[in-house]
Structure formats: structure tokens, C-alpha cells
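4 protein chains.
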Amino acid sequence: MSGNTFGKLFTVTTFGESHGAALGCIIDGCPPGLELSEADMQRDLDRRKPGTSRHTTQRREADEVRILSGVFEGRTTGTPIGLLIENTDQRSKDYSKIAQQFRPAHADYTYTHKYGIRDYRGGGRSSARETAMRVAAGAVARKFLEQRLGIRIRGYLSQLGPISIEKLDWDQVHQNPFFCPDADKVPEMEAYMDALRKEGDSIGARINVVADGVPPGLGEPIFDRLDADLAHALMSINAVKGVEIGAGFESVTQKGTEHRDEMTPDGFLSNNAGGVLGGISSGQPIVASMALKPTSSLRLPGQGIDVDGNPVEVVTTGRHDPCVGIRATPIAEAMMAIVLMDHYLRHRGQNGDVSVDTPVLKQL
Amino acid sequence: MSGNTFGKLFTVTTFGESHGAALGCIIDGCPPGLELSEADMQRDLDRRKPGTSRHTTQRREADEVRILSGVFEGRTTGTPIGLLIENTDQRSKDYSKIAQQFRPAHADYTYTHKYGIRDYRGGGRSSARETAMRVAAGAVARKFLEQRLGIRIRGYLSQLGPISIEKLDWDQVHQNPFFCPDADKVPEMEAYMDALRKEGDSIGARINVVADGVPPGLGEPIFDRLDADLAHALMSINAVKGVEIGAGFESVTQKGTEHRDEMTPDGFLSNNAGGVLGGISSGQPIVASMALKPTSSLRLPGQGIDVDGNPVEVVTTGRHDPCVGIRATPIAEAMMAIVLMDHYLRHRGQNGDVSVDTPVLKQL
Amino acid sequence: MSGNTFGKLFTVTTFGESHGAALGCIIDGCPPGLELSEADMQRDLDRRKPGTSRHTTQRREADEVRILSGVFEGRTTGTPIGLLIENTDQRSKDYSKIAQQFRPAHADYTYTHKYGIRDYRGGGRSSARETAMRVAAGAVARKFLEQRLGIRIRGYLSQLGPISIEKLDWDQVHQNPFFCPDADKVPEMEAYMDALRKEGDSIGARINVVADGVPPGLGEPIFDRLDADLAHALMSINAVKGVEIGAGFESVTQKGTEHRDEMTPDGFLSNNAGGVLGGISSGQPIVASMALKPTSSLRLPGQGIDVDGNPVEVVTTGRHDPCVGIRATPIAEAMMAIVLMDHYLRHRGQNGDVSVDTPVLKQL
Amino acid sequence: MSGNTFGKLFTVTTFGESHGAALGCIIDGCPPGLELSEADMQRDLDRRKPGTSRHTTQRREADEVRILSGVFEGRTTGTPIGLLIENTDQRSKDYSKIAQQFRPAHADYTYTHKYGIRDYRGGGRSSARETAMRVAAGAVARKFLEQRLGIRIRGYLSQLGPISIEKLDWDQVHQNPFFCPDADKVPEMEAYMDALRKEGDSIGARINVVADGVPPGLGEPIFDRLDADLAHALMSINAVKGVEIGAGFESVTQKGTEHRDEMTPDGFLSNNAGGVLGGISSGQPIVASMALKPTSSLRLPGQGIDVDGNPVEVVTTGRHDPCVGIRATPIAEAMMAIVLMDHYLRHRGQNGDVSVDTPVLKQL
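Residue numbers (this note's numbering), protein chains in the order written: chain A, 1 to 364; chain B, 1 to 364; chain C, 1 to 364; chain D, 1 to 364.
Please note that the accuracy of each hint is not assured.
Copies of the same chain are indistinguishable here, so a pair counts whether it falls within one copy or spans any two.
Okay, derived cross-link-like pairs now, DSSO-like style, lysine-lysine, Cα gap no bigger than 30 Å in a straight line [what the hints assert, rightly or not]:
no. : residue 1 : residue 2
1   : Lys97     : Lys255
2   : Lys167    : Lys255
3   : Lys143    : Lys167
4   : Lys49     : Lys143
5   : Lys49     : Lys255
6   : Lys49     : Lys97
7   : Lys198    : Lys255
8   : Lys255    : Lys93
9   : Lys167    : Lys93
10  : Lys255    : Lys143
11  : Lys93     : Lys143
12  : Lys49     : Lys198
No lab work stands behind these hints: they were computed from the structure. Because the structure is a prediction, the values reported are computed rather than measured.
Sequences and hints are given; from them, build the entire structure.
Encoded structure:
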């Protein structure tokens, strides 16, 4: 109930603070028989890890994950999978100042109100460092979904502050440090980020995630709609302030005749629904988008208060991402993978397996 | 796991189909000692119920709720509260056509894939009629939150298709059939809806919800952030396609110096966060917004397929809301109330009670 | 978290007080496509219902159950099944005395400490009347298990106070009001109960339950072992004070060579395990036994206290079972059915379906 | 849903196999502000650990636990507590034989049916080695309960095979390797175990656990009664086959006038209830008892089958406890501590804090 677990049948429970000894997680409910090694997770961890370009934090973490249980002779056994990443670059610096301050837009003030105590080193539990374990767990889900159901989950950065992409070329996504699918926009993004870094400010971003090959039938139709669980999952990522499924907020100005995705024997004629109807997957691509706020840790001074309620000028030094959105694509993919995995198992529990070969409407 | 329950400590489990015998729900975990009668729920039910203006469906349902358990001598006892609303206007009509069709943008196709069977009368379980029980349950949460913590939850329609409100006058919200807080826009909305009805089309809408007086400290900081649970709750409402907290998608283009809500001893200087920092309430108003898609049931023909995969022209007759957003405000309020109630109890379980009188930062 | 729900995938949530308007429950997670009508539940409800012999309470309740949702054209749809039983014989009597007393061995004292308020009419929520809904829900599980997996669940009274059965003849179980499988013991039981009733005292009992045909593989091996969940389920029945699986407490004095159930190609050579090894079903019959304490409501005076802490002599009048164990057999069967059903769905979620036709060791 | 988590608000999720890299667990929901260090857990771990007398397995494990998160400056922060114990004495031996055999009374056969794969090294996940993490987690619960509520939880061995204790002297419990509270019986137990070891056989045992100082009001009255959750918790310990609360199976032959614990202003006059009425604690000591079966790993040959269904003679070599009950006392205490902790938080969530100073009936 303290919210460190995601998923109902495929559950991911994480622990760890930014500057603690280690991050870890337990994946429970993974089906047995899946081939799994650290390398399967390392690929995604490396995509998320800091310090791979000048546009992200320079903290150096190898983010090497160890499997401690649940895998035997190269395959999952159905028992819980324990994962561990040791923190290696948690610099010991002087935290006496930050310990006494509530920085604006950080969780300092709220953690203190909630718990009466907080681990202030590097943000403690509120640091996005926790998302490393989500990525590791997501990699397990992703592998199962690909192998068992042919599902492919891919994300990209669709907007970096004022710069929106104009085309979606999947092959470009991993050719630049932004997960940007529009090669033409990359130089603009580079220049924007360089200027921003000099300025000392930060910026928001938008990430899209798409799952192809999802069979129709996943999702529980009332409170745990597939889209509701996706919204939950994506909004639980640090800095996310908005989530859309399919047409999202554009639906507000759409008429019914425009929004409804008509169906013909050859398939759906559009995908305003984003692949979810009545909370259940339709066989079309699942399409979600999320907004990330700009990083709150800035060296430009801002007004805060100290723990006694006195005004203080807050200046954040140290290593920070000027745009948290840049590294968020693998995290969004991981969360979508976990949601789909969980719903696949939930579906199978109640209804038996999906008919992988059921002829369904062709996708656009 | 079949997703008919919302909440972890204050849980609401609903049942019932649009044209079945009755709708019902069980509220479990309600604190004992709360004064409660049917009238407390009826007020909100009446705000949601159909047929109160020409702009909503003409189905006539009294939506009279009965308390079957959990209340003794006018007070909750801490045991489960059973609620029941009998369906009274489920017209028996000929469903043979709809039984054979998958209508575009409806859940017909997905339910069939999921379960292999569906109750096609009036949409069955996928009908928004289910939300009546959410409103009833939300009224219980709302009453507790008001009495115990002084929390006030209010929503309004902020956009009806192309018409956006320009001012927020809470006193206006219940003076018109739209929950519109801007009296100047009401005639425009009336005209728009009248034209739309003639046309046979439908339109989307945007609803905002605000909770004032929420103490700092509510929300679990990783997966069950207060904003993540809100996103889950709101996205679980029929027709919702997008959710924002605070600045929402505007965060994408905000710089850090703009977005961060600075703090002074006199309070926060802005509320881009929407009252949630690090997943935990900050004491500022909780602000959420949601997008609703246009109704899918249209008398304008659309392309669908039948159960054998043949093309069919779908025309929906019967009684439908041309804008589901119009009746959605009380539902959004109810879901926010349930989320806050649940998180209050979760907080109290782990951390002991919130300090109602703790001096916190003043709200803007 | 308030404990009115049992099961994880096949969940049963009950509400209702002894003398309230109605009892109800929601079954969530039932697989779609199961033929179901009220008659399926009524059979078991009638076996549990009061007033069928002079040895049980004379309260007259038809215990007629209505299905309010989740069933369409005679089959379950996969959506929640709402069930309702109206209370019809909750005599309005004067409760002013009982309202002021804490009766010994009743829940009066503990409910008051927990909630600060209690519904004292007929025991309120603490009455065993609540178990009617368990029996109704269990009937659904039982039907599925029989039809889908060939599982048969049967219970019997194995001991009534000092009278133990000496043989197990399944055909006798429904030939007498005690669910006693040993016809020779029935006259003795009749005489014992008649004497007890005159005396004004009550007596304990022991019930055994057996499930045949359970495929190997059900049960989650650590905390949610099949036997641990069974212990939970049976101990949650009113008046139960002890639970055994297989050899139970006899295991204490058994040597390993005696206890271990040896295996040959022709099957297991004994069943001390009670059908569960390492928390997982072995394919042998699941065997459980439970102890029920004597009824606490006696007309023989006992020492209690009143709500102000003063001593009072408590005499319970009204209609009560002198041996709650007599009507407990269908309840124990129901709980075992729910546990097995839940574990079957849990197993299927993570591992795919059981191989119904897998050649397994023959059962003894 | 795979059952590796215990508790609803205070949750303990474990991972790890007998001969894997490490055991670990995550405690989620621990209240903030509790002083905690490894030493608090080590004390109980040392009581459980193997190799401390000739009567238990000679496997040498330091069982040194590391806190990886959730504790800052010596106090819990309210965030998840990650714990790790590296396995150090998992001898690499030849497992080729055991890999092909289903040993009687082991989980080999059932794991294989469930998962299609099993980690056969030392029993894998089915080994009681997993209980080390329960003891570590239980120590956290125990410390909180003692400090916050004055609850004391203590267990003892009440029967070793044919030898029953005749007196309960708490001071003796830690003066002998059996947790036996009756010093007079210890020589007999020593002799019995020495003979048994020579013989190559094993024996069952009975453990009792008692919690003093539990405030009235803990427990959820229907499915999650305090006694039902205790039964679940204790039955989930490896080798447990029976659980009793209070008078347990003796209730079967008790009359109501004998069983009911009468109340006077000076307190209850007996404790047949074992401290639980209507599923809720009464303020009396919580008393539970459990039966453990004899160890299944014997060097005396037994009949088993191999994975192809052929008969095999199974002889278990290696290091094993001839009576698993001997080391089970700390495990039973740990599980009771976790149950009480969880129910305290559950109670506080719904009902607010218990009144620690409420004048309640004196305990016997």
C-alpha cells in the first residue's frame, strides 16, 4: 500500500535511494521458462543510463544489474527474480545545506510533511535514479511479450521544449542522444540544449510510446482499463504531468463522426482510440504520449524556504539533467511493457490464453 | 484483478449492466462513525442523472440509491456499505441487430474478443451507466473529507468542443446544464448543442477538477503517486482520453525557471505542480483536467463489421448523450474524492494521522 | 484491506448484517461462459439454511438468492456477478439490553473497541449469517471446478462433541441433519443434541473437507501455499479455532519414514500430506479438517460486563444453533471451492493452463 | 499473486533460492522514524541460523544481513527497506541424481508440475532457507510493536515428537538448543535426538507462540480475522500441517459454558479464545500453536519415482535438520510479529490509532 509495487500478476517492487548502497527490485509472477540473462536487461539499462552524451547528467553509473534469483540454467523458474544494481558514483559531498532547505518544485517539502524525515542525499527515494529498476524489469516483460506474442514496444521523443518533430522514422531514434525520430530536428535540438545548459535553465519534453502487435482483448473494462493502467504507469514516472491515449486532448474538439475509428473487413480506418476501446485492446497499435516537466534542479537561484520557514535563495549545484525527458524514452517503454505483460497474465488468468492466431482486423 | 474495484484502503467495487436488474457497489474500509444517509448520495446522483435537460439522454432513471448495510442508527459502522440502484427504464427493445454488429468506437468488438460473449443490451457493462455507483461512493468519500479534513472538491466543464471558458466563477457551475463556470459562454453552448443534435453528431469536452484544503503529505511516492492514482482514476471514466495534472502538457514548453513553483514564507507563488510534488500533496489545490471523446453512438451512419466480418452500415438509434462530457463533472469529482480518501487512509495507516493543524504554506 | 474480500483472481466480497435489509456479495473474476442460474446456488444455500431440523436455529429464512448482474442469457459474461439475499425474518425485538452488554465469547467487546460503534441486532456483521453469501459464491466456484476440471468437493461432520465417526460413507452424509457420514452414529448424535438443548448448553464439532480430482500444480509456494490459503479460508469461518491439512497435528509424533508419502509408478502410497507438497497440490485428494467451538449464545447465565464496566449476568434468549458445527459443512466446502478456484486462475495466469490430461500419479 | 508477499500494509516480499547467490526481501510500508540497524535483525537471525548445535543441519551460514535502503541516519524513512543475505555455504556438489528424481514428501514433483522447471540445488525455492528473510523482516515488526505498543512476542517448543513439555518457564527457552521452556525435559530431548540421528530418521514437533500486550481492536472481522491471518502466516511456514488458536481442537469437545471466557470487571476468567473474538483481538494474550511434520530428507531409503515415471530408491545425503521444528520458533514469532504489525497499520488506516491507554479488561 506504500506504492512501491506496480502490477497485479506481473509485479515489480523496487527499493533504493539515489545515494544509498544499491537499487534493487523483485519481479514476481514472471512465467517460467523464459530465457533470461543480465544482458537482456543491460541493453535497456544502457539506453537509460546517465552520462552518455553532454546533454545529460555527468554522474557516472555503470548500472550493472545482477540477477540474484529466479533464473536457473538460463531460464526463469517462476519464482521471484531478485535484481540488484550497486550505486558506485554516489559522491559524498556536503549535504548540510540541502538538509535544511525546501527547494522549489522538489519533493523535499512534501516528503518532510509525509514522513517527518527524509534522505536528502541526491533526492533520496524521490530521485529518478529509481527508474533504473523499472527499466530492468521492463526488459523482462518486453522480452516475454516479443517472444510469446510478437509485441513490439517503441518510444521516441516527439517534442523537446519548443521543437516538435515532423516525421517519425523509427530507424533514426537510436542515431542521436535524444531518441528523436526526425533526423532533421536533431541539430536544432543540439543547439537548443547547448544554449540552455549555458543559460542554466531546463526544459520540458514529450515522449510517445507505441506497442504494435498487441492482441485484442487485453485490459479490464472498468477501473483497470488498459488505458487507465497506462495512464497510471506513465504518470508515475518522475516529472510526468500529462498523459494521452490515442487522440488525447484533441478528442475535445473532435466530432463523433471524426473521432470514431470506422471498421471495414480490411481493418480500422483510423486510430483515434489509440488501440483501446472500452478499456480493452482492439488489436490496433497502443499509442500513448506523456508530458515531462522541466528539471527542477537549477543553478539559477529560486525562492525557497528553510525547514524553519524562513526564506532562502536556492541554488542547485551538482550534476543534473537539463531535460529529464531526454532519458525518459526507455522508461516509458518499460512501463508500457510492464502494463501489457501484467494485463496479458490477468487476461489469461480469467479467460484463458489469447488466441494468438485469431484472425483480427488488420491494423492500419 | 478483473478491475471492478478501485482503491486500496477505501475500496469501491461496482457491479451491474446498463439494462440489467440493478447497479450496485460495496464500499469497504469506510471509517466508522460517519453520519450517512441516502440523501448524502442522492444529491450527487441527481447531478449526474440523465434526462435533466434537453442536452442529455432522455432515458429516465430515478437513480434512487438504497443503503443495504454498514450504516446503523445513522452512522457508518466500519463494515462494508452495500448500495443498490434498481434499473427502472431499461426498455425492452429489439437487440437482434446490435447483437450481430461491431459498432465503430464502441466496446462491442473488444468485449467479444476478451470474453467470447457480451451483454449487448445498451452496451452492457461498458455503458457509462456504471458510473452512477462511482458517484454514490464518491459522495461518501467527499462527506468524510469535508467533515474530517475540510477538503472541498469541485469540478467544472472548461471546454465544450470548440468553446472554451474564459472565466471561472464557481457560483455559476450549477446554474446551467453544462456545469459551465462562465455564464457568458452558456448561450453559445446551448446553441452549439442544439445544432449538433439536429445534425446527429456528437462532440468532445474537457472537465477540470480541483480539491482545496488537501493537507500536505498524501500520496505514495513511487508507483502510487497521488497524481498517478488520479490519472488512473480519471482515465478509468468512460470516454476519457487524456489527463493532466497542474500545468499538464504546457510543461513541455516551460522552462524550469518558469515551471518551478517558488516558495516564500507566505506561500507558493504559483501552482504549475497542480498541488503534487514527488507524488505527494503539497498543501496547494490539487488540479486535474481530463479530455472526453465525443459519444460514439450516432444516428449518422458509420462503417462497421458484423460478427462474421462482413461490412455493415451502423446507425445507432435510441437515447444517447450527444456530449458525454456534459454529465461527467460529478463523476470526475467522485473519482477525485475516492482517490483522496484512499490516500488519506493509506497515509494514516503507515504514518499516523496528518496534522490537521500543522502550519503549512499558505495556498495561492 | 478491511477484509471483506476473499481471493485474488476469483474474488468474493460480501456485505450485510444479521438483521439488516439484505446480504449481498460481488463475485469478480469469474471466467466467462459458465452456465449459471440461481438454482445452482440455491442447492447449497438450502443445505446451509437454518430451520431445517430441530437441531438448528428456528429462524426462518428462505435465503433466496437473486443474480443481479454478470450473467446474460444463462451464462457468465466475465463481468462482476452481483448477488442479493433479502433478510426476511429479522424480528424486531427489544435490543436495549444487549446494546448495553458485552456478552462473553461474543464479538461485542472487540467490535466496540475496534470501531467505537456496533450493530448489536443479532450480532450484526459478526453473525454467521454472513456465511450464506460464501455458500452462494462457493457454488459458482464449485460448478466451474466440476465442469472444467472434474474436481469434486465434499465435506462431512467427523466429530460432534464427544462423538467421533468411525466410518466414512459419502452416501450417508445427506441422509441426516448432521452431515454425518456414519449412519450408526446418527442416533447417538440425535440423543446428544436433544439432551444438550434441554440443558441449555452448546457443543463444538469437527468438520472435514476433501477435494478430489485436483490437478497437480495449484498453489503458490511461499506465503500463499495452497494449504496456507486453505487455513486462512477455513479459519475465517465463524467459530473455527483450528485447522489441519492431511495428518495435521498427528505429524508431531510421526517419524519421517512414517509421514513421507512414498511414490511408485502406481501412485502415492499414503496421503499424510493431505494433497499438498511444498504448498502446491500433488494430484492427491486435498484433505482438511477444522475445529469449531461451541456456540456462545446460551440461556445458561454467564458473567459479562456492561459498557460501563460493571458486572452483569448475561442470559441469551432468542433463536440459536446449539452446535454451529452442524450447519458448517456447506460453508467449509464453499471456502475450499473458492480457494481452489482462485488458485486455478492464479496458476493459469502465470503458467498457462494446467494439463488436464497430463498423466499424473494415480491417487490412492 | 505469485505469493511471495505477505501482509497488506506492512508487506514483506522475499526472493532467493537455497543455493542461489543470495536471499533478499523488501519490507514496504514500515512507519518512518523507527531506529533500526542490522543488529536488530541479527539477533533473531542468529537464533534461527543453522549449525548452532549438533541437533540441526551442519550447513554453515553466517546469515549476515545488510540493509540496502529505507534507513537513513539510523532511522527508517518510510521508504522500502531492502535486505540482503549472501549465501556463502552453498556447496557445489553433484546434483545430477536429484535432478532426475522426485523425492517423496518433497516439492520436487509439485514444482515440476507447476512450472515445468525447478532449481533442484538444495531444494531451490522450496527450501526453508527462505525463512531467514521472514525472521529478518519479523525483527523489524517486532521492534516497532515493542516500542510503540508494548507488545511482546515469544515462542517455544511445546512438543518434540513424543515428548511434551509440562511447564512453561520463559527463562528456560533460550537455555537449550530446542527453545524448550521446561528444563526437565531437555535431557530427554537431547537423548531422543541423538538416537534419532543415529537411526537416520526424523521427527515432528509443535511450537507455541504468544503475544502479550496486544491492544483490543486488531483484526478485520470477516475474511481477514486476526486468527485467520495468523493461520495463514503460520501454515505458510515450511513443514507446518496444523494451526490452532487458543483452545484449538479441544474446542470440539468443550461445552459452551466451559469454552466461553467469562468477563468480570477484573478481567477475563479464562482464555480459550486465544485472545481473538469475532476475528478481533480482545486484549488478552494471542495464543497460537502449530504442528510441524518431520523432515523429509532422510538417509533411510524411500520409494520415489524419476522424471520418466520409473521407480527409484531415494536416499538423501547432505546436511539436514532431523527435526525442522527445532529451529522454527523464531520463524513462528516472526510471522506473528508481521501479522500483528500489518493489522495494527490496517486498523490505524481505517479507524485511527488504537488508544494505547484505554482502560481495557485486565488480562489473566
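We went through each hint and held it up to the structure:
When the C-alpha separation of Lys97 and Lys255 is checked against a cutoff of 30 Å, the pair qualifies only between copies, where the shortest distance is 25 Å, while the shortest distance within a copy is 55 Å. Both within a single protomer and between protomers do Lys167 and Lys255 lie at most 30 Å apart by alpha-carbon distance, with minima of 26 Å and 25 Å respectively. In this homomeric assembly, Lys143 and Lys167 come within 30 Å of each other (Cα to Cα) only inside a single copy, at 28 Å, whereas the closest approach across copies is 50 Å. Proximity of Lys49 to Lys143 under the C-alpha cut-off of 30 Å is restricted to the intra-copy arrangement: shortest distance 20 Å within a copy versus 38 Å between copies.
For the homomeric pair Lys49 and Lys255, the shortest alpha-carbon distance between copies (23 Å) is at most 30 Å, but the shortest distance inside one copy (43 Å) is not. Within a single copy, Lys49 and Lys97 get their C-alpha atoms as close as 28 Å, which meets the 30 Å cut-off; across copies the closest is 44 Å, which misses it. Within a single copy, Lys198 and Lys255 get their C-alpha atoms only as close as 45 Å, which misses the 30 Å cut-off; across copies the closest is 14 Å, which meets it. Proximity of Lys255 and Lys93 under a CA criterion of 30 Å is satisfied inter-copy only: 28 Å between copies versus 57 Å inside one chain copy.
Proximity of Lys167 to Lys93 under the C-alpha cut-off of 30 Å is found in neither arrangement, the shortest distances being 44 Å within a copy and 49 Å between copies. For the homomeric pair Lys255 and Lys143, neither the shortest alpha-carbon distance inside one copy (39 Å) nor that between copies (37 Å) is at most 30 Å. Taking the shortest alpha-carbon separations for Lys93 and Lys143, neither the intra-copy value of 39 Å nor the inter-copy value of 33 Å comes in at or below 30 Å. When the C-alpha separation of Lys49 and Lys198 is checked against a cutoff of 30 Å, the pair qualifies only within one copy, where the shortest distance is 23 Å, while the shortest distance between copies is 56 Å.
Hint compliance for this structure: hints 9, 10 and 11 are broken, all remaining hints hold.
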